[in-house]
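Fit chain B to the known structure of chain A by using the hints.
Those protein sequence lines, which keep their order, are chains A and B.
Taking the working numbering, the leading residue of the first sequence gets 1, the next gets one more, and so forth.
Taking the working numbering, the leading residue of the second sequence gets 1, the next gets one more, and so forth.
There could be a bad hint or two in this list.
Copies of the same chain look alike in the list, so a pair counts if it fits in one copy or across any two.
[Said to hold, decoys possible] Each computed DSS-like pair below joins lysine-lysine, with the alpha-carbon atoms no more than 30 Å apart:
1. Lys-235 - Lys-398
2. Lys-127 - Lys-316
3. Lys-91 - Lys-285
4. Lys-390 - Lys-193
5. Lys-30 - Lys-165
6. Lys-91 - Lys-316
7. Lys-165 - Lys-32
8. Lys-285 - Lys-127
9. Lys-235 - Lys-165
10. Lys-388 - Lys-285
11. Lys-235 - Lys-209
12. Lys-390 - Lys-209
13. Lys-119 - Lys-235
No lab work stands behind these hints: they were computed from the structure.
Number of protein chains: 2
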Amino acid sequence: MALIVQKYGGSSVADAEKINNVARRIVETKEKGNHVVVVVSAMGDTTDELIQLARQINPQPEERELDLLLSTGEVVSSTLLAMALGSLGYKAVSLSGAQAGIETDASHSRARILRVEPKRIVRELGKGNIVIVAGFQGITEDMDITTLGRGGSDTTAVALAAVLKAQICEIYTDVEGVYTADPRFVPEACRLKEVGYEEMLELATYGAKVMHPRAVELGELYNMPILVASSFSDKPGTIIHGGVSMEVRNKVRGIAHDLNVAKITVVGVPDRPGIASAIFEPLAKANISVDTIVQNASINNITDLTFTVARSDLDKAMSLVEPVAGSIGARECVSDLALAKVSIIGTGMQNTPGYASTMFRALYEQGINIQLITTSEIRITCIIAEDKVKEAVRALYKAFDLEQAEA
Amino acid sequence: MALIVQKYGGSSVADAEKINNVARRIVETKEKGNHVVVVVSAMGDTTDELIQLARQINPQPEERELDLLLSTGEVVSSTLLAMALGSLGYKAVSLSGAQAGIETDASHSRARILRVEPKRIVRELGKGNIVIVAGFQGITEDMDITTLGRGGSDTTAVALAAVLKAQICEIYTDVEGVYTADPRFVPEACRLKEVGYEEMLELATYGAKVMHPRAVELGELYNMPILVASSFSDKPGTIIHGGVSMEVRNKVRGIAHDLNVAKITVVGVPDRPGIASAIFEPLAKANISVDTIVQNASINNITDLTFTVARSDLDKAMSLVEPVAGSIGARECVSDLALAKVSIIGTGMQNTPGYASTMFRALYEQGINIQLITTSEIRITCIIAEDKVKEAVRALYKAFDLEQAEA
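Same shape as in the complex, but just chain A (with noise of 0.2 Å):
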């Protein structure tokens, strides 16, 4: 008997019929004779909702209060689906993250799992149950309730997923699969129905909004087979995998773009050892992800060191770099919040010349400024102004024949 790992988001089970309807999906893949762990995420906006109440009450809420606070919405959304299941005529059980045996580090609003013990979900699949895990959370050494952060949810179902050794996990959404680019900016975009976990990564990374790249890294680190797939059609989505066909390799599999992009340059810099760390440190202790760092050549050893952040972060990176940059004699700091990130993405750029200056022409033929590049060897990527990113997409989806892709 087959393991299936199935899991659906928030906007699946986002009321009572929702609910209903992700129940009948998850009847029919057990009366395909498998066993089933389904992880939900809270309804709708619930986890929205209770950030805005807790808010209300206290603008800065201890972490530890809110990941207790967040993490009901799933158990909420878990019961329910282990209800419509048991109205369905199925024996289903749900687990919130502690009793599923999800062990996190004590980071909260930011957890990392550590250990999956599944001994209850083993359990519970022995006598016939459906389980349903609360996505999201989990439960220090201490016993205290964690919240795992943005894709949380994803990751928990694909550590479930390795642990269990499922047959494949499938992530279910509202969207039909992985596709190369973003089908509101480039209407004729088309899903993949493969794509290397490498390839899916750089496009979750660089903005790619169907799956969280810790979730797929996860996948990855297992080789555990994903589905992304839509959980209001029956389109077939896109597979994520260690083994795509080499001849599909060869070329720009995606474009990806991020909004989500602030900028920080901290302007005269003294040239000398131990300045970049003196400038992370600090937001890596805070837990701040700093993604393009550009340091230019120094001039009369003065330099610019240059790095972008999430926006949400920018605040916080602010009050962070501010005091280093002063006490290394900096001139000052800048930053910029309305900025974009568009990338390219494939396996096969890493051996091809002419990818780059592809790219550059497109974007200048459109009279798009790059601001920062970077690149891995499967990606490139570009920093532009943010009002400029649909044109971005379009122009670079043109560029490398994407509607000739065979998906």
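Quick look at chain B alone, frame taken from chain A:
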């Protein structure tokens, strides 16, 4: 440093403003130099709303799932209260029932506390925290979440007070204390300054909505003084304790009434040994509380057996009793929903004749028919038609000179 346990009901934490109000009250207690442990109910109508949501999905949700769902209500209010205290500059930590060490049996929806393991609470108090505990819930040996049923949060509070050896357990609610009769029926009814456990137990059991009898019972068992007062005023409330002064004991202390009464009569029961247990065992197994039981003297070895249950249990009780009635050769089962109980309560009654006859005469003079009578050492209860209950309470209030009572 004294320890005080406070409990705030759902109406006291119904919105952000009320939660802030409760936080200020807690701070006052803390500032007097006390350790404070606070038990909270779910905000306002949360529990009812969650039940409705569940029923929308499954008219008969699994009790295990419903318990896990409902437990989120108290977690939400306790985290918000901890945040409110944080915003006032006080260190507070909220704990779910499980985290607080409330260990229960596995009777979902009406679990009993087996043990409280207060290690975590003690540790948090030691760190100078105000500890907020989600009421109404606990955890089984198998790590399943239970709810304690009616009066659950009061019971949590008294249990914690007992285990932590608190100075007092303060129950804050939307009434100003215990009254000699329901002020909605008898506007001149007065608040009791103090009342004995047993009297309170009878008052609570027989309909005074102020506090649940199981919490009073627990208070008596551990001799824990309990203050009942309003969270919306600074009136002194009523203290429930064991040492009520002798002179106030020798009379009727209060009049209680209860509209939550349904009656089942098994008609034409053969009068032979084992009949009563055949009828009541299935009810006990289903955890249905049977209240008054009356069996008439038999004529020709045939008798009628009448008993009362809570209205919400009537359908379930009938479905259990009817097949038994058939199998033991009884003629039929009839039920009646439209009943009420009215009781006079006072520890003095037991050694003083005349209370019963005064009660029966007062009801008779109002033309109120008594359907069943039941008594304890300190209580006399009559079951009457529901639509007569207000008249009955007023008549008894006069008959026992409660307007003269020393409150």
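List of violated hint numbers, smallest to largest: The structure conflicts with hints 10, 13, although it agrees with all the remaining ones.
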